[in-house]
Each structure stands twice: as structure tokens, then as C-alpha cells.
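These protein sequences, in sequence, are chains R and L. The opening residue of the first sequence carries number 1 in this note's numbering; numbering runs sequentially from there. The opening residue of the second sequence carries number 1 in this note's numbering; numbering runs sequentially from there.
It should be emphasised that the hints constitute simulated quantities derived from the structure, not laboratory data. Hints are supplied without guarantee of correctness; some may be wrong.
Which copy is meant is left open, because identical chains are indistinguishable; a pair holds if it fits in one copy or across any two.
To be verified - 20 Å max Cα-Cα, derived DMTMM-like pairs, lysine to aspartate or glutamate: (1) 3 with 107; (2) 3 with 109; (3) 41 with 138; (4) 3 with 118; (5) 46 with 109; (6) 3 with 57; (7) 3 with 69; (8) 46 with 24; (9) 41 with 54; (10) 46 with 12; (11) 110 with 94.
As the structure is a prediction and not an experimental result, all values here were calculated from the model.
Residue-level listing of the chains:
Protein chains: 2
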Amino acid sequence: MLKGISSLICADLLWVLRSMGHGDNLALVDRNFPAHSVAAKTVYGKPIQIAGSDTTDAASAILQLMPLDFFVESSVQHMQVVGEPDAVLDVHKDLLQVCNESNSGPDADKPVVMQSIERFEFYRAATQSFAVVQTAEDRPYGCFILKKGVVFD
Amino acid sequence: MLKGISSLICADLLWVLRSMGHGDNLALVDRNFPAHSVAAKTVYGKPIQIAGSDTTDAASAILQLMPLDFFVESSVQHMQVVGEPDAVLDVHKDLLQVCNESNSGPDADKPVVMQSIERFEFYRAATQSFAVVQTAEDRPYGCFILKKGVVFD
Chain R
1 MLKGISSLIC ADLLWVLRSM GHGDNLALVD RNFPAHSVAA KTVYGKPIQI
51 AGSDTTDAAS AILQLMPLDF FVESSVQHMQ VVGEPDAVLD VHKDLLQVCN
101 ESNSGPDADK PVVMQSIERF EFYRAATQSF AVVQTAEDRP YGCFILKKGV
151 VFD
Chain L
1 MLKGISSLIC ADLLWVLRSM GHGDNLALVD RNFPAHSVAA KTVYGKPIQI
51 AGSDTTDAAS AILQLMPLDF FVESSVQHMQ VVGEPDAVLD VHKDLLQVCN
101 ESNSGPDADK PVVMQSIERF EFYRAATQSF AVVQTAEDRP YGCFILKKGV
151 VFD
């Protein structure tokens with residue numbers, strides 16, 4: 001345990017978050033996501049498990065440390081509901097709220113923009129991530145890609 | 001880079017600090033210390049380098065994250081000056097000041113106690129550490145062992 005860092009953030013995840021640079025992506029996914037097969041193609045090469053946490057709490061812990069990117073229109077993307085590409089579920093709304101609550105620094109007044117990615121396109125995008133973090137999220141489509149930003153001070 | 005964490009703390013050091021538990025020791029040493037040969041016998045197995053920092057600044061960054069142990073009489077030890085076992089140099093005083101400044105939590109009112117260890121005994125103690133962190137400290141005898149404590153909240 002470390003002072004000021006959630007116990008949800010294990011040593012391997014700390015290593016990943018610190019190793020990521022500006023523009024690197026982190027996939028934060030639910031319990032049904034094919035985390036191992038997708039993570040095998042990422043920079044880190046294997047998934048990091050946060051057992052016993054949903055994506056909302058996991059994101060809150062991660063975003064206390066990791067800034068989101070404001071050099072792009074959208075720094076957060078979620079997996080689209082199959083057949084309902086415009087649907088925004090509670091799991092997505094909760095994640096967006098956490099993103100905005102954690103937002104600090106010179107971009108604190110800018111709302112975070114979340115976009116969606118079709119399911120199979122999401123898998124492809126996730127393989128391009130730095131790492132895959134799998135939670136115990138039981139709400140469907142609780143799968144996200146977060147783009148790391150810049151620490152200014 | 002991560003929010004609220006000094007840029008002196010690299011990903012490998014974050015991994016080490018988070019992996020250490022209560023009572024584990026961290027050796028924080030100067031530029032002349034035999035870091036590689038000693039670290040080879042530690043849990044982590046290789047030294048972590050903080051180039052461009054002295055032990056004072058490195059300790060300040062580390063102790064923002066890592067609590068010291070207050071279950072023991074002394075949670076910090078420094079290498080004794082050869083032939084002057086009672087000498088306390090500026091590099092030791094600076095480290096102790098940083099330890100006290102970083103002290104928080106339920107033991108915040110307790111002063112940190114620093115003891116000394118004879119040089120070759122220090123080497124042996126350092127091999128029992130979790131890891132060795134080597135700085136660019138150029139002041140002699142700038143070598144310390146910090147014992148990790150407990151996060152309460």
C-alpha cells in the first residue's frame with residue numbers, strides 16, 4: 001500500500017500507468033471481454049486484473065493518477081451496444097461522470113467527450129492499447145479506451 | 001508521468017514501492033555504493049537508478065508515497081562514518097529532516113529515529129532489503145535503509 005493511492009491499483013498497474021506516455025491508450029474492460037487474447041497483442045502483453053471492482057470505481061482510482069488527453073476531440077471511447085449504435089447505458093454515463101470529476105489541471109474546465117466504437121472495431125483498437133485492465137464489471141458493454149494526457153506541473 | 005507523483009519516481013520504483021509490505025526495507029544509496037552487487041541479492045534483484053538526484057530529494061519523493069514504520073524504535077538507518085561511529089553528517093541530517101516532514105497519519109506526532117550501522121554490516125543489511133535505489137548523491141556515507149510502515153486510511 002502507498003499513501004494516497006487506491007488499493008485497487010496494484011504494482012503492475014502502477015508500472016503500466018507510469019510507463020504510458022502522452023497519447024498511449026489504456027483499455028478498461030468488463031468481465032466478459034476477451035482480455036487475455038486481446039492483451040497478448042498490446043505493449044504490456046498480458047491483462048491486469050482488478051478483481052472485485054466495477055469499471056466506475058476502477059476508473060476513479062486510475063484517473064486520480066492518469067491525466068486524460070485534451071489534445072484530441074475525444075479522450076474516452078466505449079464499446080457500442082450491438083444493434084443500437086447510439087445507445088448510452090448507465091455504465092457509460094457513470095464512467096463519463098468519473099472522467100469529468102477527476103479532470104484537473106489547465107483543462108479542468110473542458111468537459112470530457114466520450115465517443116463509441118463498434119464492437120469488433122473496439123477489439124482492434126484495444127489491441128493497439130498499451131495494456132488491458134479487466135475489472136469485475138457485470139454491466140454489459142462496460143468496455144472503454146482511455147487516452148493518456150499530459151502532466152503539466 | 002502521473003498526477004501528484006514526482007518525476008523522480010520511475011515505473012520500476014513505483015512497482016517496488018507498491019510491492020513492498022509492512023517491515024520490508026528499501027536501501028537508498030549514494031553514487032559510490034556497490035549497488036549492482038548488493039542488489040543482486042535483494043528481492044528485486046537489480047538496482048533502480050535515480051540519476052541526477054541526491055538522497056535528500058529522492059527520499060522526499062519516495063516518502064510522499066511510502067509510510068515509514070512506527071512499530072520499531074528506528075525506521076531509518078544510515079551507514080556509519082568509518083572510524084567515527086557517532087558522527088552525523090549533513091547528508092544524514094537532511095535525510096532525517098525529510099523523514100519527519102513526510103511523516104503523516106496516526107504517527108505524525110512521533111519524531112523519526114535514525115540509527116547507524118557499521119559499513120560492512122550495512123552492506124549485509126542492504127542485501128536483505130527488498131530493493132536498492134541508487135542516487136547521484138555525492139556526499140560520502142549518503143546511504144540509508146528505510147523500513148516501510150502501514151497505510152491506515
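Fill in: Violations among the numbered hints
3, 4, 5 and 9
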